[in-house]
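Q: Chain order of the listed sequences is A and B.
My numbering runs 54 ahead of the 1-based position in the first sequence.
My numbering runs 54 ahead of the 1-based position in the second sequence.
Careful: at least some of the hints might be erroneous.
Any copy, or any two copies together, can satisfy a pair, since identical chains are not distinguished.
[Claimed, not checked] Using 27 Å as the maximum straight-line C-alpha spacing, the simulated DSS-like pairs for lysine-lysine come out as follows:
id: 1; residue 1: Lys129; residue 2: Lys107
id: 2; residue 1: Lys250; residue 2: Lys333
id: 3; residue 1: Lys296; residue 2: Lys264
id: 4; residue 1: Lys365; residue 2: Lys355
id: 5; residue 1: Lys333; residue 2: Lys246
id: 6; residue 1: Lys101; residue 2: Lys113
id: 7; residue 1: Lys250; residue 2: Lys264
id: 8; residue 1: Lys365; residue 2: Lys296
id: 9; residue 1: Lys296; residue 2: Lys246
id: 10; residue 1: Lys113; residue 2: Lys355
Hints are computed from structural coordinates only; laboratory data are not their basis.
There are 2 protein chains.
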Amino acid sequence: MDSIMREKIEELKALVEKSEVIYISSHVRPDGDSIGSLLGLGKGLLKQYPEKKIMLRLKDEVPSYLGFLDVSLVKQTDVYEEKGILLALDCGDKSRIGIDGLENIETLVNIDHHMTNPNFGDLNIVLSDASSTSEIVYDILHGLGVEIDPEIAEPIYTGISMDSGSFKYQSTGARTHEIAAELIRTGFDKEKVVRKLYQSNTLSEMLLIKESMERIEFLRDNSIAMLLITEEILENSGMDIKEVDSIVEIIRDIDTVELVFVLKPFEDKTKVSIRSKEKYDSSEIAQNFGGGGHMRAAGCKIDGDMQQARKLILEAIGEGV
Amino acid sequence: MDSIMREKIEELKALVEKSEVIYISSHVRPDGDSIGSLLGLGKGLLKQYPEKKIMLRLKDEVPSYLGFLDVSLVKQTDVYEEKGILLALDCGDKSRIGIDGLENIETLVNIDHHMTNPNFGDLNIVLSDASSTSEIVYDILHGLGVEIDPEIAEPIYTGISMDSGSFKYQSTGARTHEIAAELIRTGFDKEKVVRKLYQSNTLSEMLLIKESMERIEFLRDNSIAMLLITEEILENSGMDIKEVDSIVEIIRDIDTVELVFVLKPFEDKTKVSIRSKEKYDSSEIAQNFGGGGHMRAAGCKIDGDMQQARKLILEAIGEGV
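If we strip away everything but chain A, and leave its shape as in the complex, we get (with noise of 0.2 Å):
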């Protein structure tokens, strides 16, 4: 840890110390990063400062993937109704929180890793390098001095495997994991978590693999790939909408696949799915767009439905449509 992130730290931990009421969120439509180091730090904190309100509060609800974990702590709400401190994970902006109420908030704590994040924050413990919030998280914890046991290590684990894809994805460094053999030595149950993480595809999600190889339709010598979420595919496969989100890094394995767009309606507008390999820079395809996210994986909201966002995408990239 360099002496900036210790000096972030000490600050964090004299917040801490002087509030009564500390609020703790993630992002909307919450994933495994956002819940995993919602849970690990809340934990953490209630551990060491069982005298202290701390809130664990999100806008949407925990997708049932992460139901294994100990999610009773964690509240829905739609407003931040006391005057307190708000600590945001994994919020690449601001806007993600999705919490009103921001008013109430005395001082706003930034944790995130996302490259694009504005520091929009009072204080901004932000490390574009880390593999997750998670990861940012137990190094948190391990300053704050809190002893990290079981049930504080399998939420921050199930962070960190989540958004560094097993440890394969390039943010993975020596330290991510140093921290995994050291959330293993407290003894959680990391067999349960890795079944309920990647051994529980549902048969729908493999029919949704089945469905998409007939319709990805490829560019470039196959090295760009596009897929259209539609209604055949969803209905063909048995899955929600909400669930499909998967398929884009299934697309971006295939060996020509250098960049791959997944499509799919969202209320008004079409949303996309950005992944890459080392020739494409998704986050940066995704700001000409007004999205953001890392290098290797991003999303942005197109304006119109999935052939007018196809359409933009393509002249975006500088292929002719």
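Position chain B against the provided structure of chain A, taking the given hints into account.
A: Frame of chain A, contents of chain B only:
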């Protein structure tokens, strides 16, 4: 590292230092861990003992997906022609070496992580709780005082990653992650390795999933799955029969599946790959048929065609046919 391991490494060191001719081999039909451990140990010993005649020998060829490693060091052979010692890697039993001329081998060192290994060597370094033989090789090189450089780190990481399902399988321990951290710190090109191993699925492999999904037989409330790799599957996907093995792990990862068998013709027999979750012991089932392996991943060969083998397996697990 415990004191027994330390003593064994000292014994190995003394043996290597007094030997002039050193063969290093792994098993027939090599996989990521056999090639990774072979190249890792080979490069380490070549660096530490440049004056010795160190020969990396395999019965079969290196699979093409591992061609990104420095495989020019490895030669195929049918027989050990010179007198020397042999370090056998990742061989669950002696017959897995597959190379004749063992009468020329003065001392046989058995380095492996298979639970069912019968300690067939003169010196046996068998750690069944290691994620991989490559993990053991790391500790051996460390014990021999070899400085791990990126050239050595790359194959060892490859072996660990492949045999642990990228750090997911039960055998992945804290030590596995510590070693991964140390390997990453050498600065080898991890992103290249990950891309070659995990982001290089061919379209044929995706079609194999599609074809298989239409043909899996589910038993006992979908907890047992059986797939016969038919000519039709191979034709429709364009896959070679030698390359279909990954499908067994894809089927295991379906949520309801506790035990899966994938059968394919092999010479005049049927080759069976077995994977399981908590409720079944793959290794025990494989041993019924003279095979072996690990608790969660094992294999065997059964006399007869796929239909006959299917029937015998169903009988063995107590399912009416």
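Q: What are the numbers of the hints the structure violates, in ascending order?
A: none
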